[in-house]
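> Sequence:
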Amino acid sequence: ARPTMMRQTALALGRRAAAASKVATTGLVESALVGSAARNSPIARGIATGASRIASPPSSSRFLTGAAAFGGLFAASATMATASNLVDVETLPQAKAAVPKEKMPFSKVTLYQYDVCPFCNKVKAYLDYRGIPYDVVEVNPLTKSEIKFSKEYTKVPIVTVDDEQLNDSKHIIATLDARLGKIAPPGFIGGKAAQEKEEKWAKWVDERFVHVITPNIYRTWTEAFKSFDYITERGKFGWVERQSVRLSGAVSMYLISQNVLKKRHGIEDERAELYKCLEDWMDNGVGTSAFCGGDVPNVADISVFGVLRAVKTFETFDDALANVKSVEGWYRRMEKEVGEATRTDGVAN
13 ARPTMMRQTA
23 LALGRRAAAA
33 SKVATTGLVE
43 SALVGSAARN
53 SPIARGIATG
63 ASRIASPPSS
73 SRFLTGAAAF
83 GGLFAASATM
93 ATASNLVDVE
103 TLPQAKAAVP
113 KEKMPFSKVT
123 LYQYDVCPFC
133 NKVKAYLDYR
143 GIPYDVVEVN
153 PLTKSEIKFS
163 KEYTKVPIVT
173 VDDEQLNDSK
183 HIIATLDARL
193 GKIAPPGFIG
203 GKAAQEKEEK
213 WAKWVDERFV
223 HVITPNIYRT
233 WTEAFKSFDY
243 ITERGKFGWV
253 ERQSVRLSGA
263 VSMYLISQNV
273 LKKRHGIEDE
283 RAELYKCLED
293 WMDNGVGTSA
303 FCGGDVPNVA
313 DISVFGVLRA
323 VKTFETFDDA
333 LANVKSVEGW
343 YRRMEKEVGE
353 ATRTDGVAN
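Okay, so the sequence shown: first residue is 13 according to the numbering used here, each after it adds one.
Hints in this document: simulated from the structure, not taken from any laboratory.
Please note that the accuracy of each hint is not assured.
Said to hold, decoys possible - Using 27 Å as the maximum straight-line C-alpha spacing, the simulated DSSO-like pairs for lysine-lysine come out as follows:
| # | residue 1 | residue 2 |
| --- | --- | --- |
| 1 | Lys182 | Lys238 |
| 2 | Lys324 | Lys275 |
| 3 | Lys215 | Lys275 |
| 4 | Lys348 | Lys120 |
| 5 | Lys163 | Lys194 |
| 6 | Lys238 | Lys288 |
| 7 | Lys163 | Lys115 |
| 8 | Lys182 | Lys204 |
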């Protein structure tokens, strides 16, 4: 079952790779850096300039710029999570089907996303878990023409619920959770302490784990090129486009990871820091329970799972499961709890 799911997810992750083209490599590489301080640093500008010079001849420049764009998006996207290995998956409930629209407190939900964005994947995992049918609109990362209706907020994810626009993954999930009834209502399991724990670990996903996972994906030249092999093989690229994207994307993201992201977030050994984070999540986030939420997943579980599911075909994922043994049990339980994708296009997440 796992190879089939991996192939389905790979297709979903790669199908929009060809959208990235047209913008100068320098600007796109800088856009991969989270925060104005990183973008404006001499190191960042130097890396961006160097990356643009690595590009192929002018006839291929349009393809090369796409590489940096997609590389930046994927770098910002990648993240990972962990948990303990305590419950037999077979004892858990079967995967849920989508809830009929007539039983929802709204008639139409649409997610505007980048397919590998970690924050978008948090939202997708939540929608899948709640069984909410939703349309997906893939946003062109360069033109963003699909979200021009959003005048002030120009990031993804954006979710429209009927005619209402919701921005930011944390706000989207909180709003839908309030309307549908919280997954684990305060006082139902653990009371205030459980709620505080959920909020703490959901915040940890956004503020720490994302920044640890990215340098792991681009840890070595080999891993960087393998990552872009994965991306380009699943996109609709011609041979020249594929090689251009592979070269500029892998080189750009390797340099950014090694010279900017690691220093900015105090990371010396990428894998060691990753395993440390995973063990922290396992020991203190999940502990001796099946989930961070106890007997049932909470928003922190779903957030960690969503981001991890987005990178499950990468070497970092395999190393994490191999070195922090208890993670896989939690992940498989979450797969069963979240169930199949409830998106209306039939694509697996």
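> Any hints this thing doesn't respect? Which numbers, in order?
Of the numbered hints given earlier, those the structure breaks are 1, 5 and 7, listed in rising order.
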